[in-house]
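K.L.:
Residues per chain, in single letters:
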Amino acid sequence: MFSASLLVFLTGCSGNQSALNTHGHSADALRDLIILITVVCTVVWLMVVGFLLWALARRREVPRRDSDTERKMALSIRLAIAATILTVAGLTIASFYTTRDLNSSNGASLTVRVKAQQWWWQFAYQASDQEPPFLTANELHIPVNKDVRLELEALDVIHSLWIPSLAGKLDMIPGRKNIITIRATRPGIYRGQCAEFCGLQHSHMAFVVVVEEGAAYQRWVAAQAAPAVEPAMAEASAGKAVFMSKPCAACHTIRGTSATGTSGPDLTHVASRRTIGAGLLETTRGSLAAWIADPQTLKPGNNMPLVPLTSDELRQISAYMEELK
Amino acid sequence: MKDRIVLDASALPMHGMGAASPTWWATCAFMLIEGSGFALALAVYLYLMSLAPSWPMEAPPPDLWAGTWLTLMLIASVVPNVLVSRWAHRRDLRKVQVGLVVMTMLGIIPLVLRAFEFTKLHIRWDDNAYGSIVWMLLGLHTTHILTDVVDTVVLACLMFSRHADNTRRYGDVQDNCMYWNFVVVAWLPLYGCIYGLARL
Amino acid sequence: MTRDQGARVPLDVDISDAELERQLKETWSSKPGLWGAISTVDHKVVAGRYIATAFVFLILGGLLAMAMRLQLSQPEARFINPDRYNQIFTMHGSTMMFLFAVPVMEAMAAYLVPLMVGTRNIAFPRLNAFSYWIFLFGGILLWVAFALDTAPDVGWFAYVPLAGPQYAPGKRADLWAQMITFTEVAALAVAVEIAVTVFKQRAPGMSLDRIPVLVWAMLVMSFLVIMAMPAIMFSSTTLILDRLVGTHFYNPAEGGDALLWQHLFWFFGHPEVYIIFLPAVGMVSTILPAFVGRPLFGYMLLVMALITTGVLSFGLWVHHMFTVGLPRVGESFFTASSMSIAVPAGIQIFCWLATLWAGKPVYKTPLLFILGFIVTFVMGGMTGVMVASVPFDTQVHDTYFVVAHFHYVLIGGAVFPLIAAVYYWFPKMTGRMMSERLGRWSFWLIFCGFHLTFFPMHILGLWGMPRRIYTYQPELPWTSLNLFVSLSALVLAGGFLVFFVNAIRSRRNGLPAGSNPWGAATLEWATSSPPPPYNFRRIPVVSSLDPLTPGENELPVVAGLRTDRRELLVTSVVEALPQARESSTTDSVWPFWAAVATSVMLVWSIFTPWAVVWGSIPVAITLIGWFWPKGSPEDES
Ligand code: HEA
Ligand code: HEA
Ligand code: CUA
Ligand SMILES: [Cu+2]
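Those sequence lines, one after another, are chains A, B and C. Residues in the first sequence are numbered from 1 upward in steps of one, following this note's numbering. Residues in the second sequence are numbered from 326 upward in steps of one, following this note's numbering. Residues in the third sequence are numbered from 526 upward in steps of one, following this note's numbering.
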């Protein structure tokens, strides 16, 4: 099939945020449905255009309006209508069955609360037998082949959680709670992005999903649940002092320190995360420094103000941040 | 192209009455528009009610008397209203003039009652969503009474002027009567919602 | 009473055609000069302005689209800052939907319907003039706000709470809501006029089964406007109330609900797209026969399809909300209803294909655009069927896939037929033909430019590109396709440019058209091009679906109408039997003043609720001035 092979080609170069390049239980099912419907619709379109070309190309001397022609046309139209009804009925049934499949989860092993806000994501992991609860931002870790239940909440305006490679999207609406269950079928790193327009930085409201084998996932949980490490280098210690004395601590939490603000992301293990600024920049010492020095140029309008710092202070804070693995 | 005359219209009246008049149809169209508006407002009331844990939200139901009197007034006003329409149909100028004055009064009295009604809701529009929607329903209906009263007043003036004795004017009077009936009928489901549903 | 008057007043019997035309002209013409221009109520003049203004908004909206394409042509581009970008796409969507697509279709209706049903002016001509001014002022309001950098920035459907009092400070969202009020008032007015014109002013003999398909389409469109627009009036009003006086319709903390807005908006918003689309298919059905040399196949089927689409369109709105987390059963119902709309759409496509198959096509520009329409719209319809599937939509909702879908149906499904209509009726409106050579150029540029621009967006959507993002990061695989799209948009814009140049040049220099250059069969071609202020010397009498037969040189007409007052025929709804010689109102400046007063009230009410109280007084005064009889012959009965 032409369109099918085209789809295979399209899948190849579509990256890790794609509805065609899928590695999740529901995204796989959706991909099959997408291919099915696309093929059917392409065939219908080709038939219409083929007929159109034939109608234009066929030779004729005069326009025909005799009753024989009219009868023939009436019959063909009736057939075409019947075919249309059957086709759309078929597509309706196919999508109904796909929906049913998606909802067939056999009990989630893990629940994560996702809170969306302008313009970053907070993931709250609940306490387990071994570990206390903890928060992280813009990076979701899940074990492979396990059903994970995500409880979606929006703190300000409507956002939408979308990890195309793993599942379809679901909106996050203030005053309502939505629940989606996802299951990744292959370890890897997938990208997700807010899909509902939510204001100035809707474009920069992404996150990564890290799918890991059980053991690696458990290691990550243990590391995240631990409080922040004490800075080792002198520069970093100085940075910690600056952080606590500046407004930073009023917005950010670093567990194990006196910083307990909640309006910004939890920074306890910020350096362990792949990106900062909701997928904006790869986490490096340089990008941390750049972000802290001028968040408003990098991500205009975001809710972290520019806090005036001397260049020494900036260096120290970045050193501190970099150690928060 | 040349004309071939096949019909003679010279014997037709110079203005159609009732369904032969475009304004009658326009009045119907506007009633359809506003009817959709009322239906929607009611749907919103029911929608908010279905979401709320308790209804009315954090308020006792509105007191009955003002709204009930108003409803009775409105229903009663239909009788003279229909009479005016009939007189207009018979082109009885004197009676139409009197009728319009009466209908003006019968439009103003509900407005006064309505003012009381707002105070008996026991909720403000900015207290919660329940308050917002009842104020909206009442407000919407009040604008309809108000516009019809203004319309009636203007029409009454017109009927005392030199333009009065004209089929068009009688048609206008009839359309105005039809519209008033609509205003009355539209109120009944609103009354049921605001006072009835809030007591269930 | 009428009869003895009839003896004294001048009638159109027993006088020469030239003398009759002179008398009619005197009665029906508007005064020259600015005052005459402001007070005219000639539906052709008003609709002509309406159309021209709407096309200006198309150009403005198109230029905004080009600005967006510039910004998106590279990753992390900095041509436009996020705040401006959000204003720009909101302005683009709102301008295209509310200031271009709906008004232009209504305006085509206001121009064509009276001519096609064979009457002398639209019903309620003053309301028509009022409608235009309101539309113009609403458009100016929005664009002045944009120039002042305070345009709305919440998207063309302004979801709350983002558009609510907490997250949209300032007056931006109010301006959006009030612009809606302006355009809805204007649209409702035209809808009422069209409906009444079609019901009551059809030429004698034009029974229901002889109404041209375009007129049916416009009638259904009017009903959609009448039934759907109250929803958006209600929602925009409540939004302003939430923002201005602290009501809580959309505030979940006080028992309101964010989804209520979406239900209300889409209860209007879905019919809205058919308000745009149905007139367009009406145009296709009317234009096609003239270029294939045979009548349309399946008149009854087509009319039924129009009506079915109209009715069904009220049962689809939830398909814009498939990802909000509503119960699955309910959503499946909306999948089924959305898919079912493929049936009436298919019926129309099949009838046109049959007509083409049996006919002998003549490849003039209008036909080219219609063929382009079929190819393109069916594709857009197919993607419509795709997104109608709930699970499918969870992957593509709010992505460029949907952007592609709706440009395919809006441009391919509505703008292509509209351009065909402009090429087709331009000779009637101006008396001159548009250039065929430029017409071909514009077609191929627009057709190719369109597909090159919008086809790749499907792929971008499937590759995960959300809509309404002002930029994206270089590591995402979207860069080259976006650049390609932006470059192709230049081709598309070039095509539009050729089209506009053609129209502007042909207005002055085009070849004279004559009354019926295409040999078409509907009544608007029975009168001269451009039509005189009174449209028809005598009102035609209709005895078949195609009143004009080629080669026939005589037109059956009615006589016995007065020439000293604006008079036309009112006929019965079903059979179009003559009922009365009704008058049509004279020119008046009051509609203009009423529009000014209304505009002042509406704009003022963004700032204080008292504006509604004080502002309504001048409105009432102007309305009294408008309706108070002036003792002209038109007032006789
Ligand atoms: C002119 C405007 C127009 C038209 C005609 C349509 C036509 C259709 N639209 Fe579209 N739509 C829009 C304008 C339009 N739409 C806009 C503006 C939006 C987005 C708004 C926004 O979010 O900003 C939108 C969004 C939109 C959505 C929401 C998507 C989302 O946000 O995720 C959906 C979902 O169901 C949808 C469905 C359909 C369907 C089923 C049709 C059908 O009517 C199509 C029917 C036609 C055909 C199917 C082709 C012809 C038929 C045949 C040849 C017969 C054979 C066919 C088969 C066997 C299938 N549309
Ligand atoms: C009928 C409606 C319509 C039309 C015609 C168009 C036309 C175009 N649209 Fe449209 N678009 C919408 C309706 C429409 N759009 C809507 C409703 C939205 C959603 C908004 C939202 O999300 O809120 C949208 C959103 C939208 C987006 C998504 C923005 C985003 O989500 O971030 C994009 C992106 O590429 C886009 C591009 C275009 C382009 C390139 C054209 C081109 O076709 C434009 C081509 C036309 C021109 C360029 C004008 C050319 C004229 C000249 C150059 C000549 C000047 C001549 C003289 C003076 C004589 N549109
Ligand atoms: Cu959050 Cu878009
Ligand atoms: Cu829709």
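Just so you know, not all the hints are guaranteed correct.
Distance ranges between label pairs, derived from CB positions [to be verified]:
hint, chain 1, residue 1, chain 2, residue 2, range
1, B, Thr444, C, Ile1146, 26 to 36 Å
2, C, Leu733, A, Thr185, 53 to 63 Å
3, B, Ala440, A, Pro133, 53 to 63 Å
4, C, Ala672, A, Pro133, 28 to 38 Å
5, A, Ala108, B, Ala440, 41 to 51 Å
Derived lysine to aspartate or glutamate pairs resembling DMTMM-like cross-links, with alpha carbons at most 20 Å apart [stated by the list, open to error]:
hint, chain 1, residue 1, chain 2, residue 2
6, B, Lys327, C, Asp539
7, C, Lys1155, C, Asp1071
8, C, Lys550, B, Asp328
9, C, Lys550, C, Asp1089
10, B, Lys327, C, Glu1079
11, B, Lys327, C, Glu779
12, C, Lys889, A, Glu61
13, C, Lys885, A, Asp156
14, A, Lys177, A, Asp156
15, B, Lys327, C, Glu961
16, C, Lys550, C, Asp539
Note that these hints are calculated values from the structure, not bench results. Glycine is no exception: its CB is placed at the ideal position from the N, C-alpha and C atoms.
K.L.:
Are the hints correct? Go through all of them and say.
P.N.:
Verification of the supplied hints:
1. The supplied range of 26 to 36 Å is met by Thr444 (chain B) and Ile1146 (chain C), whose beta-carbon atoms lie about 31 Å from each other.
2. Our hint of 53 to 63 Å for Leu733 (chain C) and Thr185 (chain A) holds, since their Cβ atoms are close to 60 Å apart.
3. For the hinted restraint 53 to 63 Å between Ala440 (chain B) and Pro133 (chain A), the CB-CB distance of approximately 56 Å keeps it satisfied.
4. Remark: the range hint 28 to 38 Å for Ala672 (chain C) to Pro133 (chain A) is contradicted by a beta-carbon distance near 52 Å.
5. For the pair Ala108 (chain A) and Ala440 (chain B), the supplied restraint of 41 to 51 Å is violated, since their beta-carbon distance comes to about 57 Å.
6. Proposed proximity of Lys327 (chain B) and Asp539 (chain C) is supported: the alpha carbons are some 14 Å apart, at most 20 Å.
7. Of the supplied pair hints, the one linking Lys1155 (chain C) and Asp1071 (chain C) is violated, its CA atoms being roughly 41 Å apart against a limit of 20 Å.
8. Note on Lys550 (chain C) and Asp328 (chain B): the hinted pairing holds, with a Cα-Cα distance of about 18 Å set against a maximum of 20 Å.
9. Restraint check for Lys550 (chain C) and Asp1089 (chain C): the C-alpha separation of about 10 Å stays at or below 20 Å, so the hint holds.
10. A C-alpha spacing of about 5 Å is found between Lys327 (chain B) and Glu1079 (chain C), which places the hinted pair at or below 20 Å, so the restraint holds.
11. Of the pairs offered as hints, the one joining Lys327 (chain B) and Glu779 (chain C) is violated, with about 71 Å between alpha carbons and a cut-off of 20 Å exceeded.
12. Distance restraint check for Lys889 (chain C) and Glu61 (chain A): the Cα-Cα separation of roughly 18 Å lies within the 20 Å cut-off, and the hinted pair is therefore satisfied.
13. Of the pairs offered as hints, the one joining Lys885 (chain C) and Asp156 (chain A) is violated, with about 61 Å between alpha carbons and a cut-off of 20 Å exceeded.
14. For a cut-off of 20 Å, the pair hint linking Lys177 (chain A) to Asp156 (chain A) stands: about 13 Å separates their Cα positions.
15. This hinted pair does not check out: Lys327 (chain B) and Glu961 (chain C) have alpha carbons roughly 30 Å apart, beyond 20 Å.
16. Distance hint between Lys550 (chain C) and Asp539 (chain C) is fulfilled; the C-alpha atoms sit about 17 Å from each other, no more than 20 Å.
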